[in-house]
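Each chain, written out:
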Amino acid sequence: MTKIIYVEHNGNSHSVDVENGLSVMEGAVQNNIPGIDGDCGGGMSCATCHVYVKEEWFDKLEKKLDGEEDMLDQAYEPKKNSRLSCQLTVSDELEGLIVNMPEKQV
Amino acid sequence: MIKTDALIIGAGPTGLFTAHQLKIIGLNCEIVDNLDRAGGQCIELYPDKPIYDIPAIPECTGEELTKNLLDQLKPFNISFHLGERVDELKKNETNWEVKTNRGKTFQTPNVIIAGGVGSFEPRKFSLKECEKFEDKTIFYSIKNKKIFEGKTVSIFGGGDSALDWAVELAKNSKVNLIHRRDEFRGAQATLDKVHELKKSGKIELFTKYQLKTVKGNGNLESIDIEHENKEIKKLETDYVLGFFGLIMQLGPIANWGLNLNKKTVDVDTEKFETNQKGIYAIGDICNYPGKLKLILSGFHEGALAARACFKLARPNEKYRFEFTTSSKKIKERLGVKGD
Chain Y
1 MTKIIYVEHN GNSHSVDVEN GLSVMEGAVQ NNIPGIDGDC GGGMSCATCH
51 VYVKEEWFDK LEKKLDGEED MLDQAYEPKK NSRLSCQLTV SDELEGLIVN
101 MPEKQV
Chain R
1 MIKTDALIIG AGPTGLFTAH QLKIIGLNCE IVDNLDRAGG QCIELYPDKP
51 IYDIPAIPEC TGEELTKNLL DQLKPFNISF HLGERVDELK KNETNWEVKT
101 NRGKTFQTPN VIIAGGVGSF EPRKFSLKEC EKFEDKTIFY SIKNKKIFEG
151 KTVSIFGGGD SALDWAVELA KNSKVNLIHR RDEFRGAQAT LDKVHELKKS
201 GKIELFTKYQ LKTVKGNGNL ESIDIEHENK EIKKLETDYV LGFFGLIMQL
251 GPIANWGLNL NKKTVDVDTE KFETNQKGIY AIGDICNYPG KLKLILSGFH
301 EGALAARACF KLARPNEKYR FEFTTSSKKI KERLGVKGD
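Chains as they are written, first to last, in the numbering used here: chain Y, 1 to 106; chain R, 1 to 339.
Don't take every hint at face value.
[Stated by the list, open to error] Mimicking DMTMM-like on lysine to aspartate or glutamate, the simulated pairs with C-alpha atoms at most 25 Å apart in a straight line are: (1) R:K124 with Y:D59; (2) Y:K80 with R:E183; (3) R:K262 with Y:D17; (4) Y:K64 with R:D182; (5) R:K208 with Y:E19; (6) R:K99 with R:E121; (7) Y:K79 with R:D224; (8) R:K212 with Y:D17; (9) R:K124 with Y:D70; (10) R:K193 with Y:D66; (11) Y:K104 with R:E129; (12) R:K263 with Y:E62; (13) R:K208 with Y:E62; (14) R:K263 with Y:E103; (15) Y:K79 with R:D268; (16) Y:K80 with R:E129; (17) Y:K54 with R:E226; (18) R:K263 with R:D238; (19) Y:K63 with Y:E19; (20) Y:K80 with R:D87; (21) R:K136 with Y:E77; (22) Y:K64 with R:E183; (23) Y:K79 with R:E63; (24) Y:K80 with R:D160; (25) R:K212 with Y:E95; (26) R:K193 with Y:E56; (27) R:K132 with Y:E103; (28) Y:K64 with R:D71; (29) R:K49 with Y:E62; (30) R:K208 with Y:D59; (31) Y:K104 with R:D224; (32) Y:K63 with R:E228; (33) Y:K54 with R:D182; (34) Y:K64 with R:E129; (35) Y:K54 with R:E228; (36) R:K215 with Y:E77; (37) Y:K80 with R:D224.
[What the hints assert, rightly or not] Computed beta-carbon distance windows for the label pairs: (38) Y:E55 with R:Q188: 25 to 33 Å; (39) Y:G43 with R:I147: 34 to 42 Å; (40) Y:K79 with R:I147: 28 to 36 Å.
If you are wondering where the hints come from, they were derived from the structure by calculation, not from laboratory data.
Each residue gets a CB set at the ideal place from its N, CA and C atoms; glycine is no exception.
For reference, chain Y alone in the conformation it holds in the complex:
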């Protein structure tokens, strides 16, 4: 189990223990965290699990696959530190990861 902190756009913060091996998106959906939809179920084809990750975490995260940046073009208000949370696999390394959500997903 690894602690992941999901912060909604309005500042509401949810600290959840997520099983290692799940994606950050699955951790949110399984714990009913509002603000992360994951419509396509993790297929990197919808951009509704979009989150912002602070730069200090970037090195610890898995590198973006080809399709992720393409998909982020279609996300709501993508920024430099945007990620699709379905592409982030939870592991001990990510203990205490904070992900911030955009104002909305669609």
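Dock chain R against the given chain Y, drawing on the hints supplied.
Just chain R, lined up with the frame of chain Y:
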């Protein structure tokens, strides 16, 4: 008013195969889809991505799967109502009255919702002010390209639609192409063309920029775009086009009194019927214990929902299960010779 035994909402793989199942058992059906072509997510989201888990097909793309499903429907005469969204569903004695956004009405005892994650809509600019210009000077799709002739058009986006239109409109307009990063995800050939047009001054390219503000009274006058490093540029422009792909929204389905569970509809696993008699939900949009969002599950769900439709469409007949390999009736419907 179109009368039919079953109305299918959604022309994705699940909807298409369900049409096949309905026709096989002798029912007629009509299909409505908000997109202007069949295929649903397969064709919109991943036409070129290989799929590896369709039974008996080791590998195929979303596009090939759609083509094969349409081929399988060839023996039947099925009406597609594409580019139309079902907006209203009303009970009328034993039938459902279904209205589309283009004013078409269907009367049917059976409505099969095979709507995926809802209907596809273009993703729009996040700036609130853009709304008042929408469909006047800000567009998310192009219906009449003549209006842009001799004007300045600012195109946002980095995919094929943005690139294709930039090249096309550069023939008769001044084009600004704006994208949030350096890389484009469109076809290389189009991208080469864009760079060529940039060299000859037909297209101005702004990368790492996003829309910041829109200005104008009634008509659009100018826009500000902001670079990643916060630098702001003002562009005089007559029109703005945004091509950010499609998003899926549940849309009107949410208003039909169905048991919703997040963005899915609860169904039983015998008929795939919702809490409303004669309304079924199949494919990605339905939910039941153990539901898998796989295309093959959608096929199974559609086959069972089709049999359930028979009861309501032919209340005085008894449904008899038959195999396509041996049934004379089915062969007749398929237009193939019997033994």
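A quick look at each hint next to the structure:
1. Taking the CA atoms of K124 (chain R) and D59 (chain Y), the gap is near 32 Å; set against the 25 Å cutoff, the hint is violated.
2. The hinted pair formed by K80 (chain Y) and E183 (chain R) meets the criterion: a straight-line CA distance of about 13 Å does not exceed 25 Å.
3. Only pairs whose Cα atoms come within 25 Å are accepted, and K262 (chain R) paired with D17 (chain Y) is accepted, the gap being roughly 22 Å.
4. With a C-alpha separation of about 16 Å, the suggested pairing of K64 (chain Y) with D182 (chain R) holds against the 25 Å cut-off.
5. As the CA atoms of K208 (chain R) and E19 (chain Y) are separated by approximately 37 Å, the hinted pair breaks the 25 Å bound.
6. The suggested pairing of K99 (chain R) with E121 (chain R) holds, with an alpha-carbon distance near 19 Å, which does not exceed 25 Å.
7. Between the alpha carbons of K79 (chain Y) and D224 (chain R) the distance comes to roughly 17 Å, so the proposed pair stays at or under 25 Å and holds.
8. A C-alpha spacing of about 38 Å is found between K212 (chain R) and D17 (chain Y), which places the hinted pair above 25 Å, so the restraint is violated.
9. Under the criterion of a C-alpha separation no larger than 25 Å, the hint pairing K124 (chain R) with D70 (chain Y) is consistent with the structure, at around 17 Å.
10. Restraint check for K193 (chain R) and D66 (chain Y): the C-alpha separation of about 23 Å stays at or below 25 Å, so the hint holds.
11. Under the criterion of a C-alpha separation no larger than 25 Å, the hint pairing K104 (chain Y) with E129 (chain R) is consistent with the structure, at around 17 Å.
12. Proximity of K263 (chain R) to E62 (chain Y) is assessed by CA-CA distance (about 29 Å); at most 25 Å being required, the pair is judged violated.
13. Using a Cα cut-off of 25 Å, the hinted pair K208 (chain R) and E62 (chain Y) holds, with the two alpha carbons roughly 23 Å apart.
14. With a CA separation close to 19 Å, the supplied pair K263 (chain R) and E103 (chain Y) stays within the 25 Å bound.
15. A threshold of 25 Å between alpha carbons decides the hint, and for K79 (chain Y) with D268 (chain R) the separation of about 42 Å lies outside it, so the pair is violated.
16. Proposed proximity of K80 (chain Y) and E129 (chain R) is supported: the alpha carbons are some 24 Å apart, at most 25 Å.
17. Under the criterion of a C-alpha separation no larger than 25 Å, the hint pairing K54 (chain Y) with E226 (chain R) is consistent with the structure, at around 21 Å.
18. For a cut-off of 25 Å, the pair hint linking K263 (chain R) to D238 (chain R) is broken: about 39 Å separates their Cα positions.
19. For a cut-off of 25 Å, the pair hint linking K63 (chain Y) to E19 (chain Y) stands: about 21 Å separates their Cα positions.
20. For the hint linking K80 (chain Y) to D87 (chain R), the alpha-carbon distance of about 38 Å lies beyond 25 Å, and the restraint is violated.
21. Taken as a hint, the K136 (chain R) and E77 (chain Y) pair is honoured in the structure, with Cα atoms around 23 Å apart against an allowance of 25 Å.
22. For the hint pairing K64 (chain Y) with E183 (chain R), the CA-to-CA distance comes to about 14 Å; that is within 25 Å, so the pair holds.
23. The straight-line distance between the Cα atoms of K79 (chain Y) and E63 (chain R) is roughly 32 Å, outside the 25 Å bound, and the hint therefore fails.
24. For the suggested pair K80 (chain Y) and D160 (chain R), the alpha carbons sit about 22 Å apart, so the restraint of at most 25 Å is met.
25. Between K212 (chain R) and E95 (chain Y) the alpha-carbon distance is near 36 Å, which puts this suggested pair outside the 25 Å criterion.
26. Note on K193 (chain R) and E56 (chain Y): the hinted pairing is violated, with a Cα-Cα distance of about 39 Å set against a maximum of 25 Å.
27. Our distance criterion of 25 Å between C-alpha atoms is met by K132 (chain R) and E103 (chain Y), whose separation comes to about 21 Å.
28. Proximity of K64 (chain Y) to D71 (chain R) is assessed by CA-CA distance (about 38 Å); at most 25 Å being required, the pair is judged violated.
29. For the proposed pair K49 (chain R) and E62 (chain Y), the alpha carbon gap of about 22 Å is at most 25 Å, so the pair holds.
30. With a C-alpha separation of about 22 Å, the suggested pairing of K208 (chain R) with D59 (chain Y) holds against the 25 Å cut-off.
31. Distance restraint check for K104 (chain Y) and D224 (chain R): the Cα-Cα separation of roughly 23 Å lies within the 25 Å cut-off, and the hinted pair is therefore satisfied.
32. With a CA separation close to 21 Å, the supplied pair K63 (chain Y) and E228 (chain R) stays within the 25 Å bound.
33. A distance of roughly 22 Å separates the Cα atoms of K54 (chain Y) and D182 (chain R); the hinted pair therefore holds under the 25 Å criterion.
34. As the CA atoms of K64 (chain Y) and E129 (chain R) are separated by approximately 33 Å, the hinted pair breaks the 25 Å bound.
35. Between K54 (chain Y) and E228 (chain R) the CA atoms are separated by roughly 16 Å; this keeps the pair inside 25 Å, and the hint holds.
36. This hinted pair checks out: K215 (chain R) and E77 (chain Y) have alpha carbons roughly 20 Å apart, not beyond 25 Å.
37. Using a Cα cut-off of 25 Å, the hinted pair K80 (chain Y) and D224 (chain R) holds, with the two alpha carbons roughly 19 Å apart.
38. Distance hint check: the CB atoms of E55 (chain Y) and Q188 (chain R) are about 31 Å apart, consistent with the given range 25 to 33 Å.
39. In this structure, G43 (chain Y) and I147 (chain R) meet the distance hint of 34 to 42 Å, their C-beta atoms being roughly 37 Å apart.
40. Between K79 (chain Y) and I147 (chain R) the C-beta distance comes to about 33 Å, which sits within the given range of 28 to 36 Å.
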